[in-house]
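So the sequence lines, in the order shown, correspond to chains V and Y.
In our numbering, each number is its position in the first sequence, counted from 1, plus 21.
In our numbering, each number is its position in the second sequence, counted from 1, plus 88.
A few of these clues could be false.
What the hints assert, rightly or not - Straight line, CA to CA, 20 Å or less: simulated PhoX-like cross-link-like pairs of lysine-lysine:
| # | chain 1 | residue 1 | chain 2 | residue 2 |
| --- | --- | --- | --- | --- |
| 1 | Y | 572 | Y | 530 |
| 2 | V | 240 | Y | 97 |
| 3 | Y | 97 | V | 32 |
I should point out that these hints are in silico values taken from the structure, not numbers from a laboratory.
Residues per chain, in single letters:
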Amino acid sequence: MTRICFRFVRKEQLKHISHLDMMRLFQRALRRSGLPLAFSEGYNPHIRFNLAAPLPVNVTAEEEFGEVFLTEKTDPKNFLGTLARQLPEGVELAGAFVEDEHAPALPSRVVAALYRASLIILDESETVDYELYREALERLLSKEEILAPRARKKGKKQTYVNVRPYIIEAYMNNQESEYPLELNLLLQTGSQGGVAPGFVLEQLEHELGEDRPSQANWKLHRVRLYRDVNGSLEPLSEGM
Amino acid sequence: MQTRESKIKQLIEQVWKPARYMGNEWNAVIKGHAGVDLRFAFAFPDLYEVGMSNQGLKILYESVNRHPDMLMERVFSPAADMEDCLRNSNLPLFALESHKPVRDFDVVGFSLQYELSYSNVLNMLDLAKIPLYSEQRSETDPLVIGGGPCAFNPEPLAPFFDLFFLGEAEECLPEVLSLYKDLRQQGHPRQEILARLASQEGIYVPSLYCPVYSDSNFCGMKRLDSRAPEMVNKKLVEELDTAPYPTAPLVSYIQTVHDRAVIELFRGCSRGCRFCQAGYIFRPVRRRSREQLFETARQLINNTGYEELSLVSLSSTDYPQLERLINDLDRELSQERVKCSLPSLRLDSYSIKLADKLHQGKKSNLTFAPEAATERLRKVIRKNISEEEILTALSDAIDAGWQGFKFYFMIGLPGEEEADVEEIVNLCGRLRQHFKQKTKRKITINVSVSTFVPKAHTPFQWEPQLTMPEVHKRQEILRKSFKKLPGVDYSWHDAGSSFLEAVFARGDRSLAPVIERAWQLGCRFDGWSEHFSFDLWQEAFREMEVDAEHYAYRRFAHEEYLPWDHLHCGVDKEILIREHQKSLEQRTPEEAAHDQDLF
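With the rest of the complex left out, here is chain V (with noise of 0.2 Å):
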């Protein structure tokens, strides 16, 4: 058995879909690869596949993780080469390498996630207040409690829940940049719950209110994800 990692990037041409979507993608290319594929026992079998943490939709990515298991020795280079004949434009493939068998699941290493969002106004003639953008952040992030609505069950009762601590860092980004004003949102993200970036920002443009243009669209881009080692949180990349 070889269980191997791989790391890629996803670009706007494929930005739109959903993580299932993409599961889907991975596992039916894999299937055309021919590569020699480890299968799940049960009646159900399915691709011993994983990816490390869900993709929003309409988001970017610059360094996403999966990982599989073959049930042959398998260079990662070959590897590497197979499946990249298999994956349409938008995904590209970036390096894999051989990972410890036992190691824990890929999906439950990621902690956090840093995104990058960057305005786009859609009426050239509206222009941009750097300053009203900067104070409604410092409002959003001194509030205690911002309540998101939970996915809710047929039938039952709306419920929300505070996502203010899943905001570990939000703020602007002052380097140069081709867009009128850019975020940083280093959001927690995995099993012990999370914040989507979206929510983020429409809670953002709550505060603005009025204030904001009446044209634009924020361009998400996930920069990358984070792992925890002892308490900080290191890229995930530097532990691979």
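Given the coordinates of chain V, work out where chain Y should sit on it, guided by the hints.
Leaving out everything else, chain Y in the frame of chain V:
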């Protein structure tokens, strides 16, 4: 200034399920528009998830795109949110592959699979900014064509289409497209091109025929051009093994209704159920060879990565070497954990045996369509299966470990009496009793009851539909009786949508203004219960002063002209009449006699 392309990209991000509009799927064919002579847009008047499950789409995609000098792209009905976005930003409907406006294509071809998609057809034309009526279109507008089962009575849509294609297009569509391109290049005007195309087999140009009415009764078609044939014959693929079939079909990113590889065992059906339009318009039966099916299946799995292979046909278990084919496929594909499935099962022991072979894992539900609950009524509709056979087959299924069953029945079948309706409940009660005796396991029973819709080119095309009050009454009888039968889950079809289906299935050109009006009033996605508004349709009929009941409830006479009599489905009218008469004889003698008086 923003480009159209970047505007479309922004729209796609604003809507629910953006992948419906983005294209770029695995095996998508992307060609430059400048590099080909003919651009064909295939329009499916329903959501992406529905259209992408249509095997016809995938076959034609292969058939057209294998030619280097032409291209086919796809477009589906946009959901309400996308429609709003397109209208608000004043962008025309675009095709998936290139995001180019649909109206910039040379030919736009609609797939007409069911009557309740007609309002969507108009909506797509309007969103594409193509004039709705054929006569309003200019030399720069695309040719608007339609095909599929509804093209066998396309009269309600006739004024909106430049031509209809009758029958199977995979072999000759490229020829027709190529001929159209040549005629255009020779500089002929639009109407002249249509008249020349009309002489091709399978092509019906509605503007060359004028319906004649006497006292508002339809009495036949008058030909306006001698090049238009008196009878349009359907086009048929003689040899399926050599016809185009996709071995590298499109694989969607989002889950579609049928998300799997498909091999078609045979076309047509020899069973001859008298209500079934597919059973008549796809005649005769033509089989693919087992060798070719095996080879196709192998390539499909290699090229798609699908985990399921479906063996489809109108009645798959009628394929002569099915067991051997399944054994061969199983040997070849089980290593890769590819599952085979049979979507249409007959209620007999042979089918149960095959189903058992296919499902080594958890056995959940089996689906059957007895259609009628009494042997007498099953004889009338020619669904010949005895209750004993049903019980034996189901016993086998229980022994094999199946957990539940779904049964399809119809109400309002010709010759049906209230006793037949009550018998649906009684039969289910007997089955439940039978299951209890056989096993301690809990066996679920789902019963879905639809309303009979008379369809053109079937022996029942002359039969009236049961009136809506009567349908409601019978549905109520069922609802009440099933309530007393625990463990049976009963569901039914909306009577209003079945009524509308019947109106259009047997309709003529007078219905075209009604469709337009209903669309203007906001009708969309009429096949979806959450969108269907019977009130709006009724308003449209009222405003246009068209009597809908005249089409649905009237018993047509064998002697009268039918709006589709100039379209030939491959089965002569005399045969349909004979089959119809046989069905009448198979009712009780008294009723048969009573019914005969009407003719």
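For each hint, the structure was consulted:
Between the alpha carbons of residue 572 of chain Y and residue 530 of chain Y the distance comes to roughly 18 Å, so the proposed pair stays at or under 20 Å and holds. Distance check on the hinted pair: residue 240 of chain V and residue 97 of chain Y sit about 12 Å apart at the alpha-carbon level, within 20 Å; holds. Between the alpha carbons of residue 97 of chain Y and residue 32 of chain V the distance comes to roughly 14 Å, so the proposed pair stays at or under 20 Å and holds.
Violated hints: none; the structure is consistent with every hint.
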